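Trainee: So you can see what is in the structure, the chains are spelled out below.
There are 2 protein chains.
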Amino acid sequence: MKLAQNVQNSRPGRRQWALGSTGPGSVSAAQVLSVIRNHDGVTRADISRIAGLSRSTVSQHVDTLICKGIVAETGYAKSSGGRRARLLRFNEDGGCVVAIDIGATSLDVGICNLDAKPMAVNSIELHQPSGPGQVIEDAYHMATDLLNSIGLTAEETRGVGLGVPAPVHFSTGTIVAPAILQGWDKYPLAKALKERFGCPAYVDNDANVMALGEQWAGEGKGVQNFMFVKLGTGIGAGIVCDGRLYRGSQGCAGDIGHIVIDGCDVACACGKKGCLEALAGGPAIARRAEAKARQDSTPILSTLLKERGSLTANDVGLAARGGDPAAAEIIKDTGYLIGRVLAKTIDFFNPSLILIGGGVAKAGDLLLASIRELVYQQSIPLATRDLVVQPSTLGDRAGVVGAAVLVLEKLYDS
Amino acid sequence: MKLAQNVQNSRPGRRQWALGSTGPGSVSAAQVLSVIRNHDGVTRADISRIAGLSRSTVSQHVDTLICKGIVAETGYAKSSGGRRARLLRFNEDGGCVVAIDIGATSLDVGICNLDAKPMAVNSIELHQPSGPGQVIEDAYHMATDLLNSIGLTAEETRGVGLGVPAPVHFSTGTIVAPAILQGWDKYPLAKALKERFGCPAYVDNDANVMALGEQWAGEGKGVQNFMFVKLGTGIGAGIVCDGRLYRGSQGCAGDIGHIVIDGCDVACACGKKGCLEALAGGPAIARRAEAKARQDSTPILSTLLKERGSLTANDVGLAARGGDPAAAEIIKDTGYLIGRVLAKTIDFFNPSLILIGGGVAKAGDLLLASIRELVYQQSIPLATRDLVVQPSTLGDRAGVVGAAVLVLEKLYDS
Numbered sequence: 010m011k012l013a014q015n016v017q018n019s020r021p022g023r024r025q026w027a028l029g030s031t032g033p034g035s036v037s038a039a040q041v042l043s044v045i046r047n048h049d050g051v052t053r054a055d056i057s058r059i060a061g062l063s064r065s066t067v068s069q070h071v072d073t074l075i076c077k078g079i080v081a082e083t084g085y086a087k088s089s090g091g092r093r094a095r096l097l098r099f100n101e102d103g104g105c106v107v108a109i110d111i112g113a114t115s116l117d118v119g120i121c122n123l124d125a126k127p128m129a130v131n132s133i134e135l136h137q138p139s140g141p142g143q144v145i146e147d148a149y150h151m152a153t154d155l156l157n158s159i160g161l162t163a164e165e166t167r168g169v170g171l172g173v174p175a176p177v178h179f180s181t182g183t184i185v186a187p188a189i190l191q192g193w194d195k196y197p198l199a200k201a202l203k204e205r206f207g208c209p210a211y212v213d214n215d216a217n218v219m220a221l222g223e224q225w226a227g228e229g230k231g232v233q234n235f236m237f238v239k240l241g242t243g244i245g246a247g248i249v250c251d252g253r254l255y256r257g258s259q260g261c262a263g264d265i266g267h268i269v270i271d272g273c274d275v276a277c278a279c280g281k282k283g284c285l286e287a288l289a290g291g292p293a294i295a296r297r298a299e300a301k302a303r304q305d306s307t308p309i310l311s312t313l314l315k316e317r318g319s320l321t322a323n324d325v326g327l328a329a330r331g332g333d334p335a336a337a338e339i340i341k342d343t344g345y346l347i348g349r350v351l352a353k354t355i356d357f358f359n360p361s362l363i364l365i366g367g368g369v370a371k372a373g374d375l376l377l378a379s380i381r382e383l384v385y386q387q388s389i390p391l392a393t394r395d396l397v398v399q400p401s402t403l404g405d406r407a408g409v410v411g412a413a414v415l416v417l418e419k420l421y422d423s
Numbered sequence: 010m011k012l013a014q015n016v017q018n019s020r021p022g023r024r025q026w027a028l029g030s031t032g033p034g035s036v037s038a039a040q041v042l043s044v045i046r047n048h049d050g051v052t053r054a055d056i057s058r059i060a061g062l063s064r065s066t067v068s069q070h071v072d073t074l075i076c077k078g079i080v081a082e083t084g085y086a087k088s089s090g091g092r093r094a095r096l097l098r099f100n101e102d103g104g105c106v107v108a109i110d111i112g113a114t115s116l117d118v119g120i121c122n123l124d125a126k127p128m129a130v131n132s133i134e135l136h137q138p139s140g141p142g143q144v145i146e147d148a149y150h151m152a153t154d155l156l157n158s159i160g161l162t163a164e165e166t167r168g169v170g171l172g173v174p175a176p177v178h179f180s181t182g183t184i185v186a187p188a189i190l191q192g193w194d195k196y197p198l199a200k201a202l203k204e205r206f207g208c209p210a211y212v213d214n215d216a217n218v219m220a221l222g223e224q225w226a227g228e229g230k231g232v233q234n235f236m237f238v239k240l241g242t243g244i245g246a247g248i249v250c251d252g253r254l255y256r257g258s259q260g261c262a263g264d265i266g267h268i269v270i271d272g273c274d275v276a277c278a279c280g281k282k283g284c285l286e287a288l289a290g291g292p293a294i295a296r297r298a299e300a301k302a303r304q305d306s307t308p309i310l311s312t313l314l315k316e317r318g319s320l321t322a323n324d325v326g327l328a329a330r331g332g333d334p335a336a337a338e339i340i341k342d343t344g345y346l347i348g349r350v351l352a353k354t355i356d357f358f359n360p361s362l363i364l365i366g367g368g369v370a371k372a373g374d375l376l377l378a379s380i381r382e383l384v385y386q387q388s389i390p391l392a393t394r395d396l397v398v399q400p401s402t403l404g405d406r407a408g409v410v411g412a413a414v415l416v417l418e419k420l421y422d423s
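Residue numbers (the working numbering), protein chains in the order written: chain A, 10 to 423; chain B, 10 to 423.
For the record, the hints were derived by calculation from the structure and aren't laboratory data. Be careful, since some hints might not be right.
Identical chains blur together in the list; that is why a pair holds if it fits in one copy or across any two.
[Unchecked claim] With a Cα cut of at most 25 Å, we get these calculated SDA-like pairs of lysine to any residue: (1) K282 / V397; (2) K282 / L383; (3) K195 / V397; (4) K341 / V398; (5) K195 / T83; (6) K341 / Q304; (7) K282 / V398.
Predicted model only: the values in this text are computed from it and were never measured.
Input sequences plus hints: build the corresponding full structure.
Mentor: Okay, here's the thing in structure tokens:
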């Protein structure tokens with residue numbers, strides 16, 4: 010549970026209180042929970058003072074939160090003369106959520122507490138083509154085993170959150186026109202999860218979910234405008250704009266993997282030509298390395314290819330770090346392609362932070378340096394004046410934490 | 010006053026009530042004004058019912074609005090037995106604002122009412138290099154003449170709004186690192202306007218201001234995610250995201266004129282190479298047409314060049330519409346370049362509407378068709394499923410209307 014430490018002090022950003030809070034009632038409910046979560050024991054009077062809400066409004070919301078098990082009365086405040094007031098604390102262990110991160114080649118399932126901290130996580134490799142029904146079945150059994158392993162039951166599960174490498178119609182949780190997950194088009198993933206798990210289920214695109222995770226518990230905390238860029242089999246970005254996750258009109262905002270590199274005509278699985286993903290996604294890196302290893306003898310790639318018959322993007326990253334010049338060149342070129350596209354999105358979006366994650370990001374410093382080189386060369390200087398481009402700090406766990414956040418936002422907002 | 014008709018029925022979108030409304034007080038004040046603006050005569054009881062606010066809160070806000078002259082009591086509601094209640098109406102003529110639209114080659118000044126409707130507008134050509142001090146002086150005298158012409162006085166002016174083709178630090182109204190307006194860098198435009206006009210002044214980037222204008226009174230009304238693309242000497246976009254103008258971390262979001270076209274190395278005034286603006290901005294179109302008209306004899310361009318010694322982008326548009334094949338080719342290529350860049354921003358931002366405006370947009374249907382062709386060829390199909398790409402309906406007046414909105418948003422929010 011190395012990661013639990015990383016996210017120990019996670020506190021929600023301002024986002025979830027602003028989002029979906031359409032009436033004064035939900036605004037004040039969110040304010041009340043926010044004050045409780047950000048203090049280690051507060052009284053109803055404290056909340057009233059801090060949030061500027063009437064005592065009766067505070068009491069009403071606190072009662073609801075206690076009923077839901079999200080807030081608990083624990084101990085008493087110091088006496089100020091009269092009857093000692095009860096202290097309220099956020100009850101992060103008042104239930105759990107199942108958090109699922111589907112990748113093109115992996116399935117991660119976690120059980121998180123009500124602060125999105127992973128308490129137990131398991132991962133398996135996925136071998137395509139796994140249909141969505143099979144993946145849900147696998148996830149269900151993994152979740153059941155994990156719950157058992159930490160002594161929790163299905164009844165304590167408040168909901169299921171899931172990130173998937175495909176465009177998602179968020180309000181229905183349905184997959185729309187995926188480039189990678191062939192056969193998943195129009196699959197009502199949230200509905201199927203809800204039926205299998207018997208609790209509320211929420212589904213979003215993987216990069217969006219990872220951006221949520223970083224906003225909740227990582228480097229994105231409190232950052233108004235940032236992007237989480239996922240580099241894997243596919244390439245995508247989650248966009249946080251003015252403190253809120255931005256999904257776009259069709260739910261496909263941030264689909265940077267299909268931004269066309271001018272003058273390139275490599276066919277992409279989406280039907281277009283020259284997409285970033287077709288040139289810099291995991292399979293493209295592997296194909297290029299295999300071709301190079303066959304054509305010329307390279308110290309590491311050729312040996313690996315002989316041993317295994319094929320290569321992965323991970324092999325190329327390892328070979329580059331091990332000193333294989335052909336591998337290093339491929340990683341560098343990949344970084345340049347990604348940086349070229351990011352520079353364009355920076356001119357458009359002007360974020361203050363870009364977090365790089367996903368399996369391909371593990372190629373390390375050479376990839377990051379090449380991305381940064383092109384970003385600083387091609388973006389307008391004003392847009393990069395205070396821009397930070399750095400690896401995701403949550404790493405592999407951004408997807409699980411973010412999937413938990415999907416559920417928690419709904420839970421705390423309702 | 011042809012335009013006044015276009016914007017006659019303008020009603021605010023939801024934006025200004027959501028923006029900057031941080032406390033319950035400002036939320037309810039905005040709700041009250043919104044109800045009054047959207048109804049042709051309402052009573053305090055009506056507002057209380059429609060907005061779900063207490064009678065005392067409504068009365069308090071109505072009193073303030075009447076004091077400010079933004080709302081007026083006009084007539085009585087039908088009697089329901091007791092004393093007849095007063096009807097409240099939005100007093101769009103309870104003052105005016107000065108709205109200034111600076112272009113690279115033009116200066117438009119308008120006097121607008123409190124619903125951002127232009128009551129009088131004047132335009133002059135600007136001959137670079139005009140310093141900011143001279144432009145403010147010109148604008149001041151134009152505004153004074155316009156106020157006189159419609160029988161208003163400076164005392165009735167609630168504020169000055171201004172759009173300028175440069176990045177702007179919005180909270181201070183200072184120009185930052187402009188590519189076009191050489192010599193304006195770090196100029197405190199809002200401060201200088203405030204001093205000269207003796208009233209509050211607000212400054213923003215021209216494309217942002219035009220997006221605000223379209224959101225207030227044009228096709229952008231009620232649209233959650235859209236872009237206003239200004240094609241002129243410079244190229245830029247105003248971004249409305251989740252119903253709010255998005256300015257970015259450094260205030261330079263939407264600077265699409267400096268997105269690099271891969272593989273192009275034409276030098277841009279910003280110091281980079283291959284920027285869209287350097288290839289498809291007004292001067293680039295004119296230069297290309299001049300070269301073509303000198304090299305080959307073309308039916309219209311060559312004649313125009315002989316007569317005048319130089320060409321403008323406007324000449325090229327006119328020649329293309331008149332049947333000059335060389336001019337048509339230049340306009341088409343320009344559209345392809347713009348479409349190529351827009352396709353990338355669509356994959357990233359997934360808007361439902363793109364409005365095209367600015368002087369170069371007057372080249373007309375051929376330019377628009379070429380932009381659309383590349384957009385539909387290169388964007389992901391899901392992002393363009395319901396996307397509308399169309400010319401700005403406010404046209405030349407988007408800048409003046411938007412500059413007025415800059416002031417009104419502050420006035421109604423305070």
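Trainee: One pair to classify: K341 and V398, alpha carbons no more than 25 Å apart. Within, between, both, or neither?
Mentor: Within. Shortest intra-copy distance 16 Å satisfies the 25 Å Cα cut-off; inter-copy 37 Å does not.
Trainee: For K195 and T83, with the copy left unspecified, which applies at a CA distance of at most 25 Å: within, between, both, or neither?
Mentor: Neither way: K195 and T83 sit 47 Å apart in one copy and 55 Å across, limit 25 Å.
Trainee: Please work out whether the CA atoms of K195 and V397 approach to 25 Å or closer within one copy, between two copies, in both situations, or in neither?
Mentor: between (37 Å within a copy, 24 Å between copies)
Trainee: One pair to classify: K282 and V398, alpha carbons no more than 25 Å apart. Within, between, both, or neither?
Mentor: Between. Shortest inter-copy distance 22 Å satisfies the 25 Å Cα cut-off; intra-copy 28 Å does not.
Trainee: Measure nothing new, just compare the shortest in-copy and cross-copy C-alpha distances for K341 and Q304 to 25 Å and report within, between, both or neither.
Mentor: Classified as within: same-chain Cα gap 19 Å, cross-chain 43 Å, threshold 25 Å.
Trainee: Taking 25 Å as the upper bound on the Cα-Cα distance, should K282 and V397 be classified as within, between, both, or neither?
Mentor: between (31 Å within a copy, 23 Å between copies)
Trainee: My question is about K282 and L383: at a cut-off of 25 Å on alpha-carbon distance, are they close within one copy, between copies, both, or neither?
Mentor: both (22 Å within a copy, 13 Å between copies)
Going through the hint list in order, the structure does not satisfy hint 5, though it satisfies all others.
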